[in-house]
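Protein chains: 2
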Amino acid sequence: MRTGFQEQLDGLTQTLSDMCGLAGAAMERATQALLQADLVTAEQVISDHEHLAALRTQAEEAAFILLALQAPVASDLRLVVGSMQSVADSERMGGLALHVAKIARRRHPEHAVPEEVDGYFAEMGRIAVELSACAQEVVLSRDPEKAAQISRDDEAMDQLHKHLFTVLMDREWDHGVASAVDITLLGRFYERFADHAVEIGRRVIFQVTGETPEG
Amino acid sequence: MRTGFQEQLDGLTQTLSDMCGLAGAAMERATQALLQADLVTAEQVISDHEHLAALRTQAEEAAFILLALQAPVASDLRLVVGSMQSVADSERMGGLALHVAKIARRRHPEHAVPEEVDGYFAEMGRIAVELSACAQEVVLSRDPEKAAQISRDDEAMDQLHKHLFTVLMDREWDHGVASAVDITLLGRFYERFADHAVEIGRRVIFQVTGETPEG
Chain A
0 MRTGFQEQLD GLTQTLSDMC GLAGAAMERA TQALLQADLV TAEQVISDHE
50 HLAALRTQAE EAAFILLALQ APVASDLRLV VGSMQSVADS ERMGGLALHV
100 AKIARRRHPE HAVPEEVDGY FAEMGRIAVE LSACAQEVVL SRDPEKAAQI
150 SRDDEAMDQL HKHLFTVLMD REWDHGVASA VDITLLGRFY ERFADHAVEI
200 GRRVIFQVTG ETPEG
Chain B
0 MRTGFQEQLD GLTQTLSDMC GLAGAAMERA TQALLQADLV TAEQVISDHE
50 HLAALRTQAE EAAFILLALQ APVASDLRLV VGSMQSVADS ERMGGLALHV
100 AKIARRRHPE HAVPEEVDGY FAEMGRIAVE LSACAQEVVL SRDPEKAAQI
150 SRDDEAMDQL HKHLFTVLMD REWDHGVASA VDITLLGRFY ERFADHAVEI
200 GRRVIFQVTG ETPEG
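In the order they appear, the protein sequences are chains A and B. Per numbering that gives the first Met the number 0, the first sequence starts with residue 0, numbered consecutively. Per numbering that gives the first Met the number 0, the second sequence starts with residue 0, numbered consecutively.
You may find that some hints are simply not true.
Which copy is meant is left open, so a pair is good if it fits within one copy or across any two.
[Claimed, not checked] Simulated crosslink set (EDC-like; lysine to aspartate or glutamate; CA at most 20 Å straight-line):
(1) K145 x D17
(2) K101 x D157
(3) K101 x E190
(4) K101 x E27
(5) K161 x E190
(6) K101 x E49
(7) K161 x D37
(8) K101 x D47
(9) K161 x D117
(10) K145 x E213
(11) K161 x D194
(12) K161 x E144
Calculated directly from the structure, the hints in this document are not laboratory data.
Here chain A stands alone, though its shape is the one from the complex (with noise of 0.2 Å):
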């Protein structure tokens, strides 16, 4: 039963992970969809989330039948009830993915960003893309310092995305108005898609310190 337990934990936390990595993949190939105006990618990106959807009723059901069968205690009840709301959050992640693969969507052939920023999401979904990356990562390893590096690179983001309203709301904008809502929409689902990978790492040192990072 022990051996059972134990088995269907990790099949819960490699899932956490696998999602962590498809979110990944997902703001990747949105992020390039939106530079390059890139429809097929974009299209592909909305449609494979469905999938990350599915893992998510899935883990959440897995987790249900372990605390319902197993009654974990200590530790492992925090595994199971952290990665159940891990999963919430990767799969959030992968849904942000989708929002910045629908506004390449709705301005093709148009680049929905003028070039004078391209730069800007270029390193934000560098950043996003490694951090759901570390993500994928320390729910397995569970090592808290590389979980605390997630936060660290999330300051970057968090200044990326400063200077973004900075050149949105300080200089002559002259790429019009809706090019600017474009611009702060996609700002923000950078920057919560980071949150969200923030939060994994966050639950990943509380497990395994007891103690929840400052934050």
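We have chain A; now place chain B onto it with these hints.
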């Protein structure tokens, strides 16, 4: 023991209901702060959010203790797990009200929202408050009909949100880019607030009927 369990479960449900009410009150005041450029009210919403965050921590711990000590199964387990998830939604709703208040504070003594679109935010604020009142009620009453009402009311929010973008995008918007950025973010905050209320309602329906409503 069983009585203790039921009391704890009721306590958890009550906290969740209270949190929905607090999130609604926060959004009501944030909307007032926004529309009247009322700095005192904005500051109050911002400082009050700590209380909601503390309630979330407290509720999550209570749920965790319930799982650890009582090992509930079947519908009780579903209720505890669902409450944990909804507690996160309700805190996020308060967080979105906080974001609205922060935009009001940032633009003070100016109005963040030009008079032309005041009506949209008055109405989105009204719907947001209604949705949270509905969530506050149904987590206690567990009435699936009333819970389904939340999704229906959310459609009005989505329509308003879409119209708002039409105003920003299609007309001669002469309030500048900074204002368009604020309004884009504000629209998103109200829309997300409603989405979280919908999630809470859907969870009630699932707990009572065993079926996930479409959406």
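How the hints compare with the structure:
When the C-alpha separation of K145 and D17 is checked against a cutoff of 20 Å, the pair qualifies only within one copy, where the shortest distance is 18 Å, while the shortest distance between copies is 37 Å. Taking identical chains as interchangeable, the C-alpha atoms of K101 and D157 lie at most 20 Å apart only when they sit on different chains, with a minimum of 17 Å there against 23 Å within one chain. For the homomeric pair K101 and E190, the shortest alpha-carbon distances inside one copy (17 Å) and between copies (17 Å) are both at most 20 Å. Taking identical chains as interchangeable, the C-alpha atoms of K101 and E27 lie at most 20 Å apart only when both belong to the same chain, with a minimum of 14 Å there against 31 Å between chains.
When the C-alpha separation of K161 and E190 is checked against a cutoff of 20 Å, the pair qualifies only within one copy, where the shortest distance is 10 Å, while the shortest distance between copies is 22 Å. Proximity of K101 to E49 under the C-alpha cut-off of 20 Å is restricted to the intra-copy arrangement: shortest distance 14 Å within a copy versus 35 Å between copies. Taking the shortest alpha-carbon separations for K161 and D37, neither the intra-copy value of 27 Å nor the inter-copy value of 25 Å comes in at or below 20 Å. Proximity of K101 to D47 under the C-alpha cut-off of 20 Å is restricted to the intra-copy arrangement: shortest distance 13 Å within a copy versus 36 Å between copies.
Taking identical chains as interchangeable, the C-alpha atoms of K161 and D117 lie at most 20 Å apart only when both belong to the same chain, with a minimum of 15 Å there against 26 Å between chains. In this assembly of identical chains, K145 and E213 lie within 20 Å of each other by CA distance solely inside one copy; the values are 16 Å within and 39 Å between copies. Taking CA atoms no more than 20 Å apart as the test, K161 paired with D194 passes inside one copy only; the shortest distance there is 15 Å, against 26 Å between copies. Within a single copy, K161 and E144 get their C-alpha atoms no closer than 27 Å, and across copies no closer than 43 Å, so neither meets the 20 Å cut-off.
Going down the numbered hints, you'll see the structure goes against 7 and 12, while the others check out.
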